[in-house]
Structures are given as C-alpha cells and as structure tokens.
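Participant: For the record, the sequence lines run as chains A and B.
Counted from 1, the first sequence has number 216 at position 216 by the UniProt record's numbering; the numbering is strictly sequential.
Counted from 1, the second sequence has number 99 at position 99 by the UniProt record's numbering; the numbering is strictly sequential.
Hints in this document: simulated from the structure, not taken from any laboratory.
Be careful, since some hints might not be right.
Result set (EDC-like, lysine to aspartate or glutamate): computed pairs, CA atoms no more than 20 angstroms apart in a straight line [claimed, not checked]: (1) Lys352(A) with Glu154(B); (2) Lys43(B) with Glu154(B); (3) Lys543(A) with Glu114(B); (4) Lys124(B) with Glu380(A); (5) Lys470(A) with Glu114(B).
So you can see what is in the structure, the chains are spelled out below.
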Amino acid sequence: ADGTNDLRYLLDLARFRKVYLLPDGRRQNSECSGSDSFKCVMSLSLLRSHSRTCPSCLRPWGGLSGVPELEVEALSPINLLLERSLLPPRPLEAPEPNLSPDLKKVNCSPQTFRCTLSSIPQNQALLNKARLPLGLLLHPFRDLQQLPVITSNTIVRCRSCRTYINPFVTFLDQRRWKCNLCYRVNDVPDEFMYNPVTRSYGEPHKRPEVQNATVEFIASSDYMLRPPQPAAYLFVLDVSHNAVESGYLKFFCESLMDNLDKLPGDTRTRVGFLTFDNTVHFYNLQEGLSQPQMLVVSDIDDIFIPSHDSLMVNLKESKELVKDLLTSLPGMFSQTKETHSALGPALQAAFKLMSPTGGRVTVFQTQLPTLGAGSLKSREDPNQRSSTKGVQHLAPATDFYKKLALDCSGQQIGVDLFLLSSQYADLASLACISKYSAGSIFYYPSFHYIHNPAQLEKFQKDLDRYLTRKIGFEAVMRIRCTKGLSIHTFHGNFFVRSTDLLSLANVNPDSAFAVQMSIDDSLADSSLACFQAALLYTSSKGKRRIRVHTLCLPVVNQLSDVYAGADVQAITCLLADMAIDRSITSSLTDARDALTNAVVDLASAYKSNVSNLQQSGLVFPAALCLFPIYILALLKQKALRTGTSTRLDERVFAMCEFKTQPLQQLMRMVHPDLYRLDNISDQGALHLNNTVIPQPHLLHLSAETLSRDGAFLMDCGNTFYLWIGKCCHDLFIRDVLGCPNYASIPTNMSHIPELGTPLSKRVRAFLDWLQDNRAFSSMIHVVKDDTSAKATFFQYLVEDQSESASSYHEFLQHIQAMSK
Amino acid sequence: MTSLTIIARVADGLPLAASIQEDEQSGRDLQLYQSQAKQLCRKLNAQSPDRCTLEAGDMNFHYLIAKGVCYLFLCEASFPKKMVFAYLEDLHSEFYDQYGRRVPTVTRPYSFIEFDTYIQKTKKSYIDSRSRRNLGSINTELQDVQRIMVANIEEVLQRGESLSALDTKASNLSGLSKKYRSDAKYLNTRSAYAKVAAVSVFFITLIIYVRFWWL
Numbered sequence: 001a002d003g004t005n006d007l008r009y010l011l012d013l014a015r016f017r018k019v020y021l022l023p024d025g026r027r028q029n030s031e032c033s034g035s036d037s038f039k040c041v042m043s044l045s046l047l048r049s050h051s052r053t054c055p056s057c058l059r060p061w062g063g064l065s066g067v068p069e070l071e072v073e074a075l076s077p078i079n080l081l082l083e084r085s086l087l088p089p090r091p092l093e094a095p096e097p098n099l100s101p102d103l104k105k106v107n108c109s110p111q112t113f114r115c116t117l118s119s120i121p122q123n124q125a126l127l128n129k130a131r132l133p134l135g136l137l138l139h140p141f142r143d144l145q146q147l148p149v150i151t152s153n154t155i156v157r158c159r160s161c162r163t164y165i166n167p168f169v170t171f172l173d174q175r176r177w178k179c180n181l182c183y184r185v186n187d188v189p190d191e192f193m194y195n196p197v198t199r200s201y202g203e204p205h206k207r208p209e210v211q212n213a214t215v216e217f218i219a220s221s222d223y224m225l226r227p228p229q230p231a232a233y234l235f236v237l238d239v240s241h242n243a244v245e246s247g248y249l250k251f252f253c254e255s256l257m258d259n260l261d262k263l264p265g266d267t268r269t270r271v272g273f274l275t276f277d278n279t280v281h282f283y284n285l286q287e288g289l290s291q292p293q294m295l296v297v298s299d300i301d302d303i304f305i306p307s308h309d310s311l312m313v314n315l316k317e318s319k320e321l322v323k324d325l326l327t328s329l330p331g332m333f334s335q336t337k338e339t340h341s342a343l344g345p346a347l348q349a350a351f352k353l354m355s356p357t358g359g360r361v362t363v364f365q366t367q368l369p370t371l372g373a374g375s376l377k378s379r380e381d382p383n384q385r386s387s388t389k390g391v392q393h394l395a396p397a398t399d400f401y402k403k404l405a406l407d408c409s410g411q412q413i414g415v416d417l418f419l420l421s422s423q424y425a426d427l428a429s430l431a432c433i434s435k436y437s438a439g440s441i442f443y444y445p446s447f448h449y450i451h452n453p454a455q456l457e458k459f460q461k462d463l464d465r466y467l468t469r470k471i472g473f474e475a476v477m478r479i480r481c482t483k484g485l486s487i488h489t490f491h492g493n494f495f496v497r498s499t500d501l502l503s504l505a506n507v508n509p510d511s512a513f514a515v516q517m518s519i520d521d522s523l524a525d526s527s528l529a530c531f532q533a534a535l536l537y538t539s540s541k542g543k544r545r546i547r548v549h550t551l552c553l554p555v556v557n558q559l560s561d562v563y564a565g566a567d568v569q570a571i572t573c574l575l576a577d578m579a580i581d582r583s584i585t586s587s588l589t590d591a592r593d594a595l596t597n598a599v600v601d602l603a604s605a606y607k608s609n610v611s612n613l614q615q616s617g618l619v620f621p622a623a624l625c626l627f628p629i630y631i632l633a634l635l636k637q638k639a640l641r642t643g644t645s646t647r648l649d650e651r652v653f654a655m656c657e658f659k660t661q662p663l664q665q666l667m668r669m670v671h672p673d674l675y676r677l678d679n680i681s682d683q684g685a686l687h688l689n690n691t692v693i694p695q696p697h698l699l700h701l702s703a704e705t706l707s708r709d710g711a712f713l714m715d716c717g718n719t720f721y722l723w724i725g726k727c728c729h730d731l732f733i734r735d736v737l738g739c740p741n742y743a744s745i746p747t748n749m750s751h752i753p754e755l756g757t758p759l760s761k762r763v764r765a766f767l768d769w770l771q772d773n774r775a776f777s778s779m780i781h782v783v784k785d786d787t788s789a790k791a792t793f794f795q796y797l798v799e800d801q802s803e804s805a806s807s808y809h810e811f812l813q814h815i816q817a818m819s820k
Numbered sequence: 001m002t003s004l005t006i007i008a009r010v011a012d013g014l015p016l017a018a019s020i021q022e023d024e025q026s027g028r029d030l031q032l033y034q035s036q037a038k039q040l041c042r043k044l045n046a047q048s049p050d051r052c053t054l055e056a057g058d059m060n061f062h063y064l065i066a067k068g069v070c071y072l073f074l075c076e077a078s079f080p081k082k083m084v085f086a087y088l089e090d091l092h093s094e095f096y097d098q099y100g101r102r103v104p105t106v107t108r109p110y111s112f113i114e115f116d117t118y119i120q121k122t123k124k125s126y127i128d129s130r131s132r133r134n135l136g137s138i139n140t141e142l143q144d145v146q147r148i149m150v151a152n153i154e155e156v157l158q159r160g161e162s163l164s165a166l167d168t169k170a171s172n173l174s175g176l177s178k179k180y181r182s183d184a185k186y187l188n189t190r191s192a193y194a195k196v197a198a199v200s201v202f203f204i205t206l207i208i209y210v211r212f213w214w215l
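For reference, chain B alone in the conformation it holds in the complex (with noise of 0.2 angstroms):
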C-alpha cells in the first residue's frame, strides 16, 4: 500500500521529519503526490483548520495542526478515517515528547529524520489489519470524525493561488490609489504656485506703474 507521512512547521511549512511506503506500481504518481504535499505544507497557516481531509483522486490528504507542527498522512480514500486520525494523533504526542521543545529553532530541512523509524513502526500497527480491528474499536469512541472537514485538493491548493491574485490585485489598487494621491498633491502645489506668480507679477506692475508715469 502506497503512504506518506510528512511532518512539517506550519510557520514556513519547513519539513521535519517523513516516512514514504511506496508500491511497485504506484511509483510515478508518489512524485506528484509528494508535491502536492509540499505545496500544502507551504499553504497551511495558524488560521487553517487544525483537522482536514483533503481529497485527491483515489487518494486522501488527512491533517492535524498541533502546536505549530502540521502531520500530513496520505493513503487511499478507502482506509478509515478514524483510524488516521488516531494515527496522527499518536505522531503527534510521541513527536511532540521527543523534539517539541526544538521544533522552532531548526533551520535545516528534515532536521528529525530519524523519527521515521517510529512513523514506521506506528503506521504498521495502524494499517496491518488484524490489530487495526482491534485498535478501531476502542477508538471509535475517542474519536469524533463526523465534523472534520472534507475538501478537495484542488480547491484548496487553487483556492490559495486566488487568493494571492486577490492580494496582488488589491496590493496593485493601493499602489495606484496612492500615486493618484501623489499626483493630486503635485497638482495642488503647482496651480497654488501659479496663483501666487500671477498675484506677485500684479503687484509688481502696479508698483512699477505707479512709480515711474504717477511720479
């Protein structure tokens, strides 16, 4: 069975630590998955659902947001729901125990690599079938899938490409509001200018008058 596990920094959606499985057959796909990922790494920020199920083809994006570190799980559409989010659930507290506290510091891409081994070992207890009834049973109760949402790939990675036209068509409007801004001001000044110019020359012939054919 194809997966990926990607744990990143939902600040920069820097990587910390990732675990691919990968089928023969799967091979050319994994890559476009895995940029998919990435992308929504980069996405994710404090204001996105903390739980989400995204979907993609055949395939689905689940993600928690935990204290500032997103854990990504991609597997079939098929394989439940409640069970990949105990999963990450379970990531999450281990991960937390072991790096937490060094999470914001790290500069360096895939910093905790060696958090794979767990992620493997996790995800097999999760997905081989035989303890995953046993597992799913007792977490039925704990967890409360009904209201996560659901969205599409696409949208969400689209959404956010809208999003950021918006942005540049509103940074554009304010750059020409603020030229138009400028502009009035030159405008202004220079018909003020002229008043005071055609004013002064008034004077000036008055009083060249006045001196030179009065007296």
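So here's chain A without its partners, still in its complex pose (with noise of 0.2 angstroms):
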C-alpha cells in the first residue's frame, strides 16, 4: 500500500507543478528536493498542500519528521478568516507520529488503530492545557490482505501485564526482554529463539511477532472455555401483515438462498428459522423430513422450545429442507391479516434456542412491537421533528431489550437487527438488542418493494456482504497501554465485562470502536506511549484466535508539538461519540453546546499557549484548520441538528452508526467528498493494476464551487449523489449517462451506465476505485438540479446556510466572538 501511496503523492506532486508552478513540467523531479526554491513562491495553502503530497517530506501533513522547517510548517497559525481554501487535493490522510523510520515501518496501520493525538502529551495538565480529546479509535477485525498467522505451543506475553510480545518491547540480551507497556524484565522462553520464517536460531528479535504491528495467534486451550462451538445462525423473521406489505421477505429468502454455501462456516454449521406475527412459529427441519414442519406457539406470555434438537440443523445435512422453507416461505403468509407484532416473545424464543451453543441471531423487524414482552409505543411527535428546541426520547423506553441482550451476551449470542420500517418503530429502544450484545444494525426507512427501489437495492446489497462477511464467535477484546495511562470509556456495541475487557459475543469485521484515555502518571519516563488491543475470538471454522494489534506513539513535552501531531478526523469522530452521549445522558441542545464549546476552547488554548505573534483573527495551528469545519458538520448531521426535519428513527439510527462505523466511513458521513466530474483528466491519475485512476481534487462543501455548467459527485459513505447542472455540456450527459440531452435524464436514475467512451471509462473507473474501499457498496443517484431530489444534496453543502443553521463564515465569527 505505501507503493501506492507514494506513487499517488509523486503524481499529486506533478499535477500540481503543472497546474501552478512551473508551466514548463521538465525539471519538476530535480527541483522537488530543494524545496526551499519553492516555498517562496508558493501562498501559505499551496506550501501546506505541497508539504502534504511532496515525496521529498516523505510525510503527509501533520507529522514531524525532525526537519526544523516541516514543524514550524505543520505548526504555521492560520487565520481561519482569511484563509478560505483549506482543503487538501486528495482526501485527508492520518498524521504519521513522529518516531524513528524503524518505529515508523513496523507500526500499526492507522485504518485499524488511530489515537487523536499522535504526539501524546507528558502529563494531565499539558493535555488539559491543548483543550483536545485523548483518545484510540480502533477497527480490529478489519478485512485484511495479509496477515501474519502464528503457530506456536506458547504465546509470549509479559509475566505481569500479560502484553503480548510486540515489535516495540526492548531485547536486552538474548534472554531477556523488557515489556513496553509495564516494563517488567521478562526471560526469553527456548522456544522463542528459534524463528521458523528463516529457519535459524537464536535471534529473537527476528521473529514475525516482532517484526509485525499486526499478528494473529493460534490459541491453545488454554484459551478456551469450551471446545469451539459451531457456527450457528438463527433468522427471526417478521410475518404480520405490514412485513408482507413491504414485500422484503422474498428477497431476503432469494439472497439467503444464493448465499447459502458462501455462508462462513464448516461441517458443522447449523441455521434455524424462526417466524412471528401474533404468535411464534418454529420449523423442524430435522433430516430425513419430507418437508419442513412449522411449529406454532401462541402461548407468547410464557414462551418454550417445542422441540430441542430439530429447530437448529447442521446446514449440510439438512441443505434441501432449508432450500425448500426457503422457496415456500414468502408465499406461506401472503394472505395474513395480523397486523400484530410479537417481538419480544420472538427474541426470548430465540434467546432459549440459542442459549447451548451462542452464535448470531438476525432479526428483522417491520414495524413497532405490539404484543407481549416488550411492546412499545408511539412516543414521536411528528410536529417536534422539526423543533429547535432539544428532541425527546432519545432514550429506551423499556431496559427489557437491554436485558435480553445482556442474557444473550452471557450466552454468547450477537443480535443484529434489520429494522424495515415506514413507521416510527422506536429504535431507540430497539437498538438495545444490538447494543449490548455487540450486534449490527441496518436501518431501511420506508423500505416498500415497488416504491422504493433504491432501498430494495441496498437492501439487497447489504444483505450480500452481510451474509458472507467473516465473523468470529465467543470473542473478548482486552486494550491495554502503557503504564500511566488509563481508559476510562468505551465506545460501540458490546458489554462492558470488566474494566478493560469487552465481550463481544460477535464480532464483525465492518464495526469499529473508540476509547477514550486519561493520563492518571506523568509518562515523563520515556519517550514512547503504546497501546495493544487482543481480540481472542473463534473463527467460524472452529479455531480460536487471537488478533493483536500495537501502536506506538511518541510522548511530547511541548504543547506545540502536541498540536502538530493532533489527527482532526480522529478528534472530530471521538467529539462525536461523547456527543451522542451527553445527547442520550443530558440533552441534544448540551451536546450541540458542548461540541461548539470544543471549538472555541482550542482556539483560546492556542492563542494564549502557543501563536506568540500578534495576530488578529481566528488563529488554528495548521495541523488543526479543518476542526471548525468538521464540528459545524457535525452539528449539521441528522444525530446532532436541530431546526430541520429529522425523523426520529433516523436520527437515532444516524447516532448508532457513529458508534460503530470505522473512521473514514464516518469522516464521509459527517463531511461528504465533493468532485467535480465533467472535466475530469488522466492528469495526475493513479495507476493501479493496469487500469488508470483519475484523481479530480476535492472541492469545498459550499454551493460557491458548484456551477451550472458541471456535474458533482459527492461521496457521503453510504450514498454517491451525482449532482448535474442545469447547463451541463450534453457530451458528458451523453457519454457518460447515456441519455442525449439534460431533459431526457430520468428523474430515478440510480445507476451508471457502461459506455465505452473515455469520459465514461474515466468516471466508472474512479467509482469503482472509491467503492472498492468500502466494506458496503454504495448506491448512486443522479440529482437533476429541478428535481425535489436536489433538497437532499444541498442539505450536504455544509458550509453554506440553511434555514436552521449558520453558514461556515457566521460559525467562525461566533467562535471568534466567543474566544476573546
């Protein structure tokens, strides 16, 4: 990936001489090492922009690397209202810490493990004085391309903190290593001297466990409670006459049934059917039936199993049956005329089906549980959607989900949810299921087969990388870092079991956590600050793992260096989750305070501490000049705005996912990428396997960079919204939709068409490339600049005004007014 990295800034570093610099584009590759020659002529944000992508710095922005000049740069005050371009070309990347290139090669990936501050503060009272929140944002089991795997009889680990042997630990001697996070001499055991990569003995320091940031154990049984269980999977599936109406149960069986054999597993995988309306119907699929035999139990007050070893089969086995249920099933209620939903009995049932083995329970739900155990009521007011005034019920309505879910967690049982609803179904009090048994959620508002076929084509999609992504099975992640350092709170879906263990009855590899540290130790002692996650878990093949991640940082006594090494996209994710909250705990309006307040106590803390010159304005370190945008994003979010409509669901739904979406997900989310597409060039492309890349420059979220003769393409995570002006040329319309001219576009168009012309080659190939990051594909629509749709792309230009919110200009004058 760094080959591709850099190859990436050399063309970056190209395409920007050509554009400003030297018009000539000869001797650009000789010029680029003296970069003093440059700096002269370039404006402030051209020297930043140059820094982050110039080879030559060997860094992206933010870092230090040592050089004298590169601190001063990552640290040049900006005056944030004078300086309007703040945007790098290319999306931001992670702030290198500023360690040995030794350090620096070996460390862990920050797509899996980011901390705030990447230059972590001595002491409490230096990180009180930065105003800036410490914290880890972590995505542990993260899709990887490689990964080493280690067998051995023992797994070494300090004998005091039981931290895994990493390549940051110290080797004194042959014998003896020293432990980096409490360090404790350890001995080196005979088995460890020998390295089975290079086959040669006695060199410890050569083995792949300290050579990699990265690393999987093969667990022994020590690690294990119980023999490995089989991967079980359980579908509770909701029948009532509104689940019907909205026509998802067809496709989910057809998707379960093309899915079937990709389905993460072995011999002894096992699935079970549940259904439920007013009542609960279990299947027998026993091997050896004809058909399968549905089971009904009405009793939902007091619900039980009516047969104990026929409702869970080995998938193998019983491979017909399921297909035949599978085939018969959208057809079985499609005259039902119960409108009645029994969840909660349901979930129960579920709970004592699973209970003997655990495994991942997915529950699909339509509407709001109306009978028995957990029902709830309608609690949004559709006339408060709007208010300004704080929103209600944020909270559960009932800790049934809650406990159920902590019983399933004690049994090792992950519930995901599915909610596919067009009305309010209280999800808030929903979620808990999820929540605390460490599950996923998915929601789909106004889900209907026929009139929302985007939604059915997500569906279907999110449905096919849920059904074959990996998981692991009865797993805890344990945190641990460097003495003086503790973590006091946890973000995400599990349970919290003991101070710094989660259980994680699933885990997936799409959901990510965050934690938040305080300094209780000056760390005076050393130089550097590490932090190691263990996630101990069972694959779905039966074998128990465990997958250690370590990061190191450096730790700083100066508080500019503390503010150069600060990762604003880490700091503005983690901001967001302590709103959520406080938003849940307090209010939304002290959320939305508090998130305000954050911008405006850094501002004061780096005029006061740091810029000594006399300037006027709103002064950022350059590090940190993006924060105020990415806060008034924040607060623009359907979590955390007021003033515009916001259903309820959606924005509970809207908190849950910052919770659990990995970092750059979530930065798309908040503050969504903006290109211009209809110039787009091969100038600066990148190539990656033969196929070339266009890389347009990222544009400001503002409706200024927006023009009537271009089309737009924002990048908002989950959604892809091509925007087409009004005057667009109809040769971009035409090459690269298909459609002759700007009238003739469909106002639902929600896909690309493939067009052999280079335009269209050159915009597919791009989307593919931005897909290709992400875990869920996204789906796409075409915004016609006179359609209703456009409401919906205009609400993401954040920095311009809305009816309910300031512009990006007013928001910085209020902070400025608020600092002084």
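Work from the hints to combine the two standalone chains into their complex.
Facilitator: Encoded structure:
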C-alpha cells in the first residue's frame, strides 16, 4: 500500500506543479528536493498542500520528522477568517507519528488503530492545556490483505501485565526482553529463540511477532472455556401484515438462498428459522423429513421451545429442507391479516434456542412491537421533528431489550437488527438488543419493494455482504496501554465485562470502537507510549485465534508538539461519540453546545499558549485548520442537527452509526467528499493494476464551488450523489449517462451505464475505485438540478447557510466572538 | 439429558474433538465436569487401564483408550454401562478411520472438531430409547462390562496429586543426598590437603634445622 501512496504523492505533485508552479513541467523532479526555492513562491495554502503531498518530505501533513522547517510548517498558525481554501486536494490521511524510521516502518496501520493525538502529551496538565480529547479509534477485525498467523505452543506474554510480545519491546540481551507497557523484564522462552520464517536459531528479534504490529496467534486450549462451538445462525423474521406488505421476505429468502454455500462455517454450521406475527412459529428441519414442519406457539406470555434438537439443524445435512423452506416461506404468509407483532417473545424464544451454542441471531422487524414482553408505544410527535428546542425520547422506553441483550451476551449470542419500517418503530428502544450484544444495526426507512427500488437495491447489496462477511464468535477484546495511561470510556456495540475487557458475542469486520483515555501518572520516564488491542475469538471454522494490534506513539512535553501531531479526523469522531452520549444522558442542546465549546476552547487555548504572533482574527494550528469545518458539519449531521425536520428513528440510527462505523466511513458521512466530474482528466491519475484511476480534486462543500455547467459527485459514505447542473454539457450527459440531453435524464436514475466512451470509462474507474475501499457498496443517485432530490444534495453543503443553521463564515465569527 | 464427549490424545492430553449437550437446569455443574474431564485427560497415560468407569456424584465418567487416543464420555450414573462402551467403541472405529493417521502430528487443540457432527448423531442413536432396546440386546453378548474397573473421580485426580507429592519428595531426597555426597567429597579433600601440608611443614623444618644448626 505504501508504494501506491508514494506513487499517488508523486503524481499529485506532478499535477500540482503543472497547474501552479512550472508551466514547462520538465525539471520537476530535480526541483522537488530543493523545496526551499518553492516555498518563496507558493502561497500559504499551497505550501501546506505541497508538504502534504511532496515525496521529498516523506510524510503526509501534520507530523514532524525532525526537520525544523517542517515543524514550523505543521504548526504555522492559520487565520481561518482569511484563509478560505483549506481542503487538501485528496482526502486527508492520518498524520504520521514522529518516530524513528525503524519504528515507523513496523507501526500499526492507521486504518486499524488511530489515536486522536499522534504525539502523546507527557502529563494530564499538558493534555488539559491543549483542550483536545485523548482517545483511540479502533477497527480491530478489519478485513486484511495479509496477516501473519503464528502457531506456536507458547504465546510469549509479559508475566505481570499479560501484554503480548510486540515490535516495540526491547531485548536486553538474547534471553531477556523488557515489556514496553509495564517495563517488567521477562525471560525469552527457548521455543522463541527459533525463528520459523528464516529457520534460524538465536534471533528472537527476527520472529514474526516482533516484526509485525498486527499478528494473529492460534490459541492453545488454555484460551478456551469450552470446545469451539459450531457457527450457528438463526433468522428471526417478521411475517405480520405490515412485513408482507413491504415485500422484504421474498428478497431476503432469495439472497439467503444464493449465499447459502457462502455462509462462513464448516461442516458443523447450523441454521434455524423463526417467524412471528402475534404468535411465534418454529420450523422443524430435521434431516429425513420430506418437507419442513411448522410449529406454532401461541402462548407468547410464557414462551417455550417445542422441540429441542430439530430446530437448529446442520446446514449441510438439511440443506434441501432449508432450500425448500426458503422457497415456500414468501408465499406462506401472503394472505395474512395479522397486524400485531410479538417481537419480544420471539426474541426470548431465539435466546432459548441459541443458549446452548451461542451464535448469531438476525432479526428482521418492520414495525413497532405491540404484543407480549417488550411491547412499545409510539413516542414520536411528528410536529416536533424540526423543533430547535431539543429532542426527546432518545433513550430507550423499556429496559427489556437491554436485559435480554445482556442475557444473550452471557450466552455468546449476538443479535443483529434489520429494521425496515416506514412508520416510527422506536429504534431507540429496539437498538439496545444489538448494542449490548455486540450486534450491528441496519435501517431502511420507508422500505417498499415497489415504491422504493433504491432502498430495495441497498437492502439486497447489504445482505450479500452481511451474509458472507467474516464472523468471529465468543470474542473478548482487551486494550492495554503504557503504565500511566488509563482507559475510562468505551464507545461501540459491546458489553463491558470488567474495566478493560469488552465482551463481544459476535465480532464482524465492519464495526469499529473508540475509547477515551486519561493520563494518571506522568509519562516523563519514557519517550514512547504504546497501546495494544488483543481480540480473542473463535473463527467460523472452529479455530480459537487471537488478533493483536500494537500502536506506538512518541511522548512530547511541548504544547506545540501536541498540536502539530493532532489528528483532526480522529478528534472529530471521538467528539461525535462523546456528543452522542451527552445527548442521550443530558440533552441534545447540551451536546451541541459542548461541540461548539470544543472549538472555542481550542481557539483560545492555542491563542494564549502557542501562537506568539500578534495576529488578529481566528488563529488555528495548521494541523487542526479543518476542525471548525468538521464540527460545523457534525452539528448539521442528522444525528445532532436541530431545526431541520428529522425523523426520530433516522436520528437514532445516525447516532448508532457514529458509534460503530470505522473512521473513514464516518468522516465521509460527516463531511462528504465533493468532486467535479465533467472535466475529469487523466492528469495526475493513479495507476493501479493496469487501470488508470483519475484523481479529481476535493472541493469545498459550498454552493459557491458548484457551477451550472458542471457535474459534481458527492461521496457521503453510504451513498453517492451525482449532481447534474442545468447547463451541463451535453457531451458529458451523452457520454456518461447515455441520455441525449439534460431534459431526457430520468428523475430516479440510480446507476451509471457502462459506455465505451473515454469519459465514461474514467468516471466509472473513479467510482469503482471509491467503492473498492468500503465494505458495503454504496448506491449512486443522479440528482438533476430541478428535482425535489436536489434538497437532499444541498443539505450536505455544510459550509452554506440553511434555513436553520449558520454558514461556515458565521460559525467562525461566532467562535471568534466567544473565544475573546 | 446432559452429556459430554471428549476425544483427546493420551500422550499430552490435547483435546481433539468434543461434543456437549446440556440441559437448561444443569448448566453450572457442567463447567465443573468439564474442568474435571480436562484434568482427567491430562492425567491419563499409557499405563492407565484402557477401560474405566469413574464415579463423580450422580454422574459417571467412562473412558476408553485405544491407539493412543482417549474417548471420554460423561453421563448420568443410571445410564447402562454396556451401552456406553458400545458407543465409545463405535466412536473409536469411526474416528480412527477418519483421522487416526493425523492424530500424532496435530498441535492445535480441537483440530478435528468437525467430528462433533458424527458424535452427536451416534449418541442420539444410542440414547434414543427406542433404538436403545434393539442395540442393547445386540451388544449384551459383545461387551463384557463386568471386568471394567470402577473408581472414584476424586480418587483418581487426587491419586495423581499424591503421586506428584511423592515424586517431589523423592526428588527432594535425591537432591539432598547429592548435596551430602558433594559435601563429603569436599571435606575429604580438605582433610587430605591438611595432612599433606602438615607433613611438608615438618620436613621443611627438619631440612632447615639440619642445614643451619648441624652444619
């Protein structure tokens, strides 16, 4: 990946100079290293962009690599009121910590492990002075291209703090190593002296554990409480009238049928089905039956399991019966008149059914549960959707779902929720079932198989990924950090079993976690701080494995260094998590104020402590110059906005997403990437595996950057919007969209046709490249300038004023006024 | 009905496959039985009797050792013994067929966990009361269960402990005797040196005396 990054820098740089610096474009490479001569001609923003992309500077924007001029540059104060173009040409990369090249080379990938401050302040006083949150963002079970897997009889760990041996430990001599977290000196076991990779003896520091920051161990039976259980999947399906009306059942059955052989597992994999309306239905799929048998339990107040060993069946042996059931299921309820939903009892039944083995329960729900335990009442007042006073009912209405989720977690059952409802379904209460059992939540507002084809397509695509993605069972995750640091709050879906142990009944490759930390003791003794996340899980093939990630960061004692190493994206995401907690425990208004105050505090702290220049205006360190934009975008995000009409369920879902989505996805949801596509060219393109991927520049999210004769792509993380201006050139419309002119573009266009024109190829190459980097494929909507969909597109232009929220410039002025 | 089947390698007690069936009521006890079973697998060695029944409260452990693999089954004490051993024999023949050759080489615990499917099916055929009657009559003659040793699980586990205590004592004793031996040797050499020194001092004095006073 490094190679391609470097390549991209090179290419970016080349384009850069062509555009801004040297029109002749021939002597570029020789000029690049002597960057001093450039600096005098470049404006401030150019200078920043240059160092962000220049290969001679060897690192992206933000970090310090020991060269004094760069330090000055990362810290160079920026007056936000004057400087308007702050966005880098390409999406922001994580700042690289200021470490020696050896350590940098082995450090954990920022996609897996990221810290809000890539230079850790030495003590709590310094951290308080910086007014920035300290925390980690983790994506521990991410799909990886390559991962060293280690099988050995003894897994080498520190004897006092149980840290796994990692690249940042020090070997005192051949036989002893010093733990980098608690500084205890440990012995190197004999087995560790042999290196299986090079087949040599006596080089413990060349073992794969010590060469890689991310490794996976095959665990011995000491790490097992019970024999590995088979992968077990239970599908709980809503078949009430409402569900049948929405038509999801047919598409679910089709999707599962297609993916039946791709479900992660081995020959032991078990599946089961359970449907419910006002009663709960079980399906006997025991091998040897001629067709599936349906068993109805109507006593929903005291639910029981009608048969013990024939409801969860071996997939391999009962495959024909399962297929039979999936074919007949959509038709079985087509005439139902039952409108009630007994979700609570169905979940209780699922819990009982899965208790012996644990596994994954997938719940499909289409309405408010109305019967039996866990029934809910509608709490949303539609007139309050756009109130500016604050939002009620963000907290669950009952603790039934939380309690059940905790029981599930105890029995190693994870519950995933698919909510496909057009009405209010109280997601705030329902989400608890997944939140505490480490599940995932999917929400498809106004789902209907005919009226809303876009949602249907998204549902199908999500299901494909969901059913086939990796899964880990019976997982626990522990995060350890250098002595002196302590973890105090966790964000994500899990149950906190003890102070630093997260219990994850299921772990999936798409969910991320965040933790907040504080500094208890001074870190002055050491120059490095380390963090280690260890995830112990049972794979779907019945192997117990431990995935270990270790991150190493420098410790600094200067406030300016703390600012220079700040990771603005990680800070934004952590603050968002904190704001969501605040909005549930206190109020939304409080949370919004806290976010604004975070910007104000930073501005005043920076002004009084670091920037000694007598500059007027609103001054921010260069590394954090995007902070106000991001916070403003956050305040306009569905989860936290006020004044704009937002349905309660959509708001709650956005909050759930904040807690579980990985950082890059979150950042696109908060601050979408905007590109101009009609003049897309191969200049500065990325060359990957013989395909040319154009790299258009990022644009500010403001109507100012749009023009009527252009076409703009907005990447919002889970959706793409392609906005076509009224006077967009017919050439683009014809070559890319396959329509003769603007008027003939259909209003609900949601795909880009595969045309042979160079322009179409370029656009599709770029779109595919954007898609490749995410787990769930995103939908694309073509938005014409004169349709109602235009409003959806324009609400993402966060720098502009909307009917209820201020523009970026107004926001800055507000900050300036407050920070005086 | 609660039951537990574990297949382990005798040489080092590495579990190879397992199958657990638990009741809703007896979830807690199973944890205890499981850890007892684990200990037992570690205790067993080539010298252990190859068929044995161990009593543990109202449950019984039955095990069978064949070709270096131990087949352990936990069930209620009332369950007929001959049925258990017929079941274990059955497991052995199938397991040996499928994985026998790979047993000595594996290092990962529960490497053959997929055998679980077969265990469950077989167990059901033995436990299901209808088929049980049929099978039972067939196996009566085949199994001579009277000669199978019966012991108590506590005894077996503790016998191991007292044996290991004896072992430590013995090794302590041998250590002490070694020390005594080396100490004695050291003393011997020291006294020998002293003698030599005394004699040489006497002669030197004599020589000096002869040299200076007589001549």
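Participant: Tell me if the straight-line CA distance from lysine 352(A) to glutamate 154(B) falls inside 20 angstroms.
Facilitator: Given that 20 angstroms is the threshold and the Cα spacing comes to 34 angstroms, the pair is violated.
Participant: Would you check the hint for lysine 124(B) and glutamate 380(A), treating anything up to 20 angstroms between C-alpha atoms as holding?
Facilitator: 52 angstroms, violated
Participant: Measure nothing beyond the straight line between the CA atoms of lysine 543(A) and glutamate 114(B); if it is 20 angstroms or shorter, mark the hint as holding.
Facilitator: 11 angstroms, holds
Participant: For a C-alpha distance cap of 20 angstroms, please report whether lysine 43(B) and glutamate 154(B) respect it.
Facilitator: Within the cut-off at roughly 12 angstroms; holds.
Participant: Hint check: lysine 470(A) vs glutamate 114(B), CA-CA at most 20 angstroms. Holds or violated?
Facilitator: Judged against 20 angstroms, a Cα distance of about 19 angstroms means the pair holds.
Going through the hint list in order, the structure does not satisfy hints 1, 4.
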